[in-house]
Amino acid sequence: DGGITQSPKYLFRKEGQNVTLSCEQNLNHDAMYWYRQDPGQGLRLIYYSQIVNDFQKGDIAEGYSVSREKKESFPLTVTSAQKNPTAFYLCASRGKAGYSYNEQFFGPGTRLTVL
Amino acid sequence: AQKITQTQPGMFVQEKEAVTLDCTYDTSDPSYGLFWYKQPSSGEMIFLIYQGSYDQQNATEGRYSLNFQKARKSANLVISASQLGDSAMYFCAMREGAGRVSNAGGTSYGKLTFGQGTILTVHP
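Going line by line, the protein sequences match chains Z and A.
Take this note's numbering: the final residue in the first sequence is number 116, and no numbers are missing along the way.
Take this note's numbering: the final residue in the second sequence is number 125, and no numbers are missing along the way.
Just so you know, these hints were derived from the structure itself, not from any lab.
Just so we're clear, the structure is a prediction, and the values are computed from it rather than from any experiment.
Mixed in with the good hints there might be a few duds.
[To be verified] If you want the ones that stay clear, here's a sample from chain A, every Cβ over 10 angstroms from chain Z, calculated:
{"hint": "1", "residue": "Ile5"}
{"hint": "2", "residue": "Asn59"}
{"hint": "3", "residue": "Gly63"}
{"hint": "4", "residue": "Ser83"}
{"hint": "5", "residue": "Gln84"}
{"hint": "6", "residue": "Glu97"}
[Claimed, not checked] Here are the simulated distance ranges between beta carbons:
{"hint": "7", "chain 1": "Z", "residue 1": "Glu70", "chain 2": "A", "residue 2": "Glu16", "range": "44 to 50 angstroms"}
{"hint": "8", "chain 1": "Z", "residue 1": "Arg45", "chain 2": "A", "residue 2": "Tyr65", "range": "23 to 29 angstroms"}
{"hint": "9", "chain 1": "A", "residue 1": "Phe48", "chain 2": "Z", "residue 2": "Ile52", "range": "21 to 27 angstroms"}
{"hint": "10", "chain 1": "Z", "residue 1": "Phe13", "chain 2": "A", "residue 2": "Pro31", "range": "45 to 51 angstroms"}
{"hint": "11", "chain 1": "A", "residue 1": "Val79", "chain 2": "Z", "residue 2": "Arg112", "range": "17 to 23 angstroms"}
{"hint": "12", "chain 1": "A", "residue 1": "Phe48", "chain 2": "Z", "residue 2": "Ser74", "range": "21 to 27 angstroms"}
{"hint": "13", "chain 1": "A", "residue 1": "Gly53", "chain 2": "Z", "residue 2": "Val53", "range": "24 to 30 angstroms"}
{"hint": "14", "chain 1": "Z", "residue 1": "Ser74", "chain 2": "A", "residue 2": "Gln9", "range": "36 to 42 angstroms"}
{"hint": "15", "chain 1": "A", "residue 1": "Ser42", "chain 2": "Z", "residue 2": "Leu116", "range": "20 to 26 angstroms"}
{"hint": "16", "chain 1": "Z", "residue 1": "Thr87", "chain 2": "A", "residue 2": "Thr21", "range": "44 to 50 angstroms"}
[As the list claims (entries may be wrong)] Example chain Z residues on the side facing chain A (calculated, C-beta under 8 angstroms, incomplete):
{"hint": "17", "residue": "Gln42"}
{"hint": "18", "residue": "Tyr49"}
{"hint": "19", "residue": "Phe89"}
{"hint": "20", "residue": "Gln105"}
Beta carbons are placed, not taken as given, at the ideal position from N, Cα and C, and that holds for glycine.
Work out the full structure: start from the sequences and follow the hints.
Below, the structure is given as structure tokens:
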């Protein structure tokens, strides 16, 4: 089945540690996105990538890093520089750039808790 | 400034009744798209409906319709015949522009700005 997978579903991290969240899609989508969601809030864009080997900062990129070495994969690293990393992280992808409106498809999310 | 505003933190509706979830937006770009997503307690985001700024007619998808009032910059979601499974958080989102080129040469299609969400509870 085509879709987006994120792993792990739950992640616990000690303060001061870096941690990497996985996002894989087999939809052959060009664009991929990372969002952060805090309790009772909307989604905020962290990073996005339109094509392989290219990515752009979103609205809240500080303390995060990404890579896009393969079309299917867009991992997010939450670094120790992120002051308040406890949140729900959602990965999304979208079809070929140039279509006028096609929607973003979302993965199931990773809930990160810093202990 | 808030680009997407959802003024209803929570809404209640009786099963089988219709409900309207409000969304207003702010943009100076003539080309934009408006989306509604549903987020159940599991956390996944489910796409419901889309409205383009140049679309002449209001979008409809099954029990979902979008009441698009361009002059008022509002894009309210109407759910008809509510079901218990409709209980969830609902987000309005906007994508601006059609073809802005980033510094790296890629286009900026696809960036979404989300509202704060509305929690809908359907009562039996």
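| message | I'd like to know which numbered hints this structure contradicts. Please list them from smallest to largest. | response | Structure breaks hints 1, 11, 16.
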